[in-house]
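S.K.: Chain residues, written in single-letter form:
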Amino acid sequence: MTPIPSIARRLLAPALLLPGLLCLPLPTLAIELETLAAALAARGADSTTYEQTRYLGILDEPLESSGRLAFEPPDRLVQEQLAPEPRTLILDGEEMTYSAAGRERVVSLDDSPQGAALAASLRGILNGQVEALRDDYELVLRERAGDGWQLNLLPLTEELADRIRRIEVIGQFRDQRAEVERMTLEFANGDRSVMRLGVPAGDAPDREPTSP
Amino acid sequence: MTRFLRPTLVIGLWLSVLLLAVYSITQTRFTADMSAFLPASPSPEQRLLVDQLQQGGISRTFLIGIEGGTVEHRAEASRRLHAALANDPAFTSVQNGDAGDRERARHVLFEHRYLLSPNVTDERFSVDGLRQAIGQSIADLNSPLGDVTRELFPRDPTGEMLALIDGQSTGSGPDRCCGVWTGAERSTMLLVAQASASGSDTDGLARAVNRIEAAFHSMRDDIAPSLRLVIAGSPMFAIEARDRIKAEVTLFTTISVVLVTLVLLLAYRSVPVLLAGLLPVGSGVAVGIAVVGLGFDEVHGITIGFGTALMGEAIDYSIYYFVQSRQGERDTTQPGSTSRDWLTTYWPTVRLGLLTSLIGFAALLFSGFPGLMQIGLYAMTGLLTAALVTRFVLPILGPKLPRADIAGLGRRLARPVASLRRLRVPAALLGGLAVIVLVWQHDGLWRDTLSGLAPIDPRLEATDARLRDELGSPSPRHLVVVRGEDREAALRAAERVTAILDKEIEAGRLAGYRSPTSILPSQATQQARQGALPTREELERRLDTALADLPVSTDRLGGFVDDVVRQRETDLIDLTALEGTPLWLAASGQLPEASGTDPSVAMITLRTADSSTPLETGALREALSPVESAVLIDMLAESNRLYGRYLHTTLLVSLLGAAAIVLLLLWVQANPRHTLRTLLPITLAIVLVLAGHALLGGQLTLLHLVGLLLVAAIGSNYALFFQPRPNDDTGIDAQRDARTLASLTLATATTVCAFGVLAFSHVPVLQAIGATVAPGALAAWLLAAIFADTPNATTPDS
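Residue numbers (numbering that gives the first Met the number 0), protein chains in the order written: chain A, 0 to 211; chain B, 0 to 797.
No wet-lab data here; the hints were simulated from the structure.
For every residue, glycine included, the Cβ atom is placed at its ideal position computed from N, Cα and C.
Treat the hints loosely; a few may be bogus.
Unchecked claim - So the derived list for chain A, only partly shown, Cβ under 8 Å to chain B, looks like this: (1) Leu-58; (2) Leu-62; (3) Thr-96; (4) Tyr-97; (5) Leu-184.
What the hints assert, rightly or not - Partial list, derived from the structure: chain B residues whose beta carbon lies under 8 Å from chain A: (6) Pro-143; (7) Phe-152; (8) Pro-153; (9) Leu-261; (10) Leu-264; (11) Arg-565.
To be verified - With beta-carbon atoms standing in for the labels, derived distance ranges: (12) A:Gly-197 / B:Thr-544: 42 to 52 Å; (13) B:Gln-698 / A:Arg-102: 47 to 57 Å; (14) A:Glu-94 / B:Gly-99: 14 to 24 Å.
Work out the full structure, taking the sequences as your base and the hints as a guide.
M.R.: Printed below as a string of structure tokens:
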């Protein structure tokens, strides 16, 4: 049960399928994925503010939005965007509900391949259900200075790789719990979406209890 | 010379007709399509309903469920079954909700989005419209769904694809799991397969089921042996009904034949006579089927099932001949004279009985329902043939066949039967009581739904309901149907209807609808949308202005400009462009093929907020009145109305037939008293049977009515034979009466045996006829005896 061989075994399994990924950053592995998953899940149901910036190649300027994220293990996530326009995305089990301008759309996760895959990844990370991500991503976990951690998700399937280059999650361990600080989505065409969690103040006016 | 020539000619003619009939039967198609029992010339709405039941998409769509194993096993089986059937010519379409199907659908929608999106108007492509639409799409990019719309935006900055997808998903489709359709509990993977065979081609549908089963079984062991396949859907009901009718007709006909044979063998004590006795029935069945086959495209299984029923009366003819023609044997040494004697003494009575039966069954010919018309034609030709064979062929064969005399039975029965006459008052009272019961139970006596006609396996019904429920496609109850001289005209009319329905939805009177035009707009609408699309230069010019204040520029929307310009000049889409996608299945199901001279039709299914809220059909009809060809159909009410009309018509023609029989008897018997005495037992027998069914709680269907017609036909023979014949001289009268009584008793015994067995069938048709005719025949015989007149007021001696 020494950490390194068990991590290596797990990492090698997908790696054997993709020989190109054999050069793993083994030396930097000091924490186990289970530890992170448990630490993420340890928070239980919680909510936090977020700010999201999208850098899209087709647009002249980045898009800024903000709101609250609420998560509840194992599989519920509510993204409540408050600015610039109120929008709500609820992921519950296999069902995705999107409410905008008084209209509600319900889609099955299976039904909406790209968007759902991303939303499900996000949910998996926030709720500590990392195991579920293994089918689709190669998970690379690294320690950062001062109890920090970085998890990189590299798509394993061609279908996913056509859209996503990488998902990078950065966080911090605090009292046996793992907090997510930033999630960066890098798309295949160079577009980027950065979500910063737990942003204090700044957008205080938007945090009035508004219910859609 | 003529003495030998004539019999040879008769036998030759008979055999030729029989050979022709048998040949014709080999060329006949058989069916078990229950819609043959729907009217041939109904109202336009009913016609549509019948067409839908017979040929419509529903009638050839199988619902397939895969159960057992693990989720992954089921999903794998679903994918492999889909792959195996997708290219099978036996199916026009197979869907399991997999990514490939959805991707193809998305591709078609995307490639034609400017022809299909209802948002494409002149305003949309004006500078203001573009600014607003693109501005909205940018706002969507900055929403939680932004990562989805991000990929669409460069080519679809006005958001037509989202509008289309929103428009499609008005009803919640089946859930998905592992990329394929699944039930709500995830314990069943679902597929939908539409067979190429027409809904009335039960054989073709059965072959399609075999393909599904074969494909499933060939892969099952590769995946997991615990996987199970369930198939439901309308065609399964047709197949199941046919198989069951086939099996039960075979089983019960065999039992009936064995029983009747035993009874006859006991009576005749001669195999050759027994076989000769079956000749009229056999000939009748063969000629009957052949004639129905020639008159109709195909012969219904139920018509054949009726063969057993027909036996009841036809076998009587040979019984009358063989039992009655013995008489006079002692009076003459010439072999032919006994037959000649039968022909002069008894044949007129049989002939009269035959005529009344023919009139009774002729009633069915005018019912206007192919299934009943077949039974009518079959019974008429069959009986006529059987009677002719009895009249012309048996007298040639009969005298050569030695047989036991069963006059003894008649003599032994004479006294008890004669004493039955004392029961006149009780019988009349019983009849009166029966009438009171009938008047009292009048309302609930006849079942007024269609459901009682087809033998439906409750398990299949449950499976069907379950799969349908999990697919989220309950059978629609309300339909708006529009007509046009061609598909384009029908689609245009449908578009006018959907415009009205949209207003009804806004007003909250309707929850939603599914129209083929949301997938396949009329050519006119597509042309109008193309007309709204600007040229390349114009579009670029407008974009330059519209995008001035937005964070995107025209040169980055080259893909959008290219797509607009291309779709501006592309061919309009028609149904064939949708082939191979779930869109085709959805659209074609609501655009039934025009058949013959019928106009094209488009159907729009309506959805109420919840099933408990009734639709305000009156108000909706009013709202739809501007579209002349639009008809709102309540499927449930319509099918019940259809059946109600069916029952009503058949009752009416039956009553007319009864009136014709009365007139015939009055004319032939030239004695109202005799006629009354003939009719009384039959009428009482029918009333008693009806009252019995009413008391035992069984509701009567049309098939019981057919059974009652048969009771009248058989009963009329009994009543006629129990009548004293005119010009009787007392010498051989006793002997004659004994033989008559013996033949009637034998005939009743065979009828009760043959039909009594049918009463135990699970096929409603057979059960209804059996449960009506067996007690009816017995009652008719008893009542004929009870009400028989005694000419000399003396009991027959030993």
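S.K.: It remains to establish, for every hint, whether it holds in the given structure.
M.R.: Now for the hints, and whether the structure bears them out:
no., hint, in the structure
1, Leu-58, "5 Å, holds"
2, Leu-62, "4 Å, holds"
3, Thr-96, "11 Å, violated"
4, Tyr-97, "6 Å, holds"
5, Leu-184, "7 Å, holds"
6, Pro-143, "4 Å, holds"
7, Phe-152, "7 Å, holds"
8, Pro-153, "5 Å, holds"
9, Leu-261, "65 Å, violated"
10, Leu-264, "69 Å, violated"
11, Arg-565, "20 Å, violated"
12, A:Gly-197 / B:Thr-544: 42 to 52 Å, "43 Å, holds"
13, B:Gln-698 / A:Arg-102: 47 to 57 Å, "49 Å, holds"
14, A:Glu-94 / B:Gly-99: 14 to 24 Å, "23 Å, holds"
Taken one by one, the earlier hints fail for this structure at numbers 3, 9, 10, 11, listed in ascending order.
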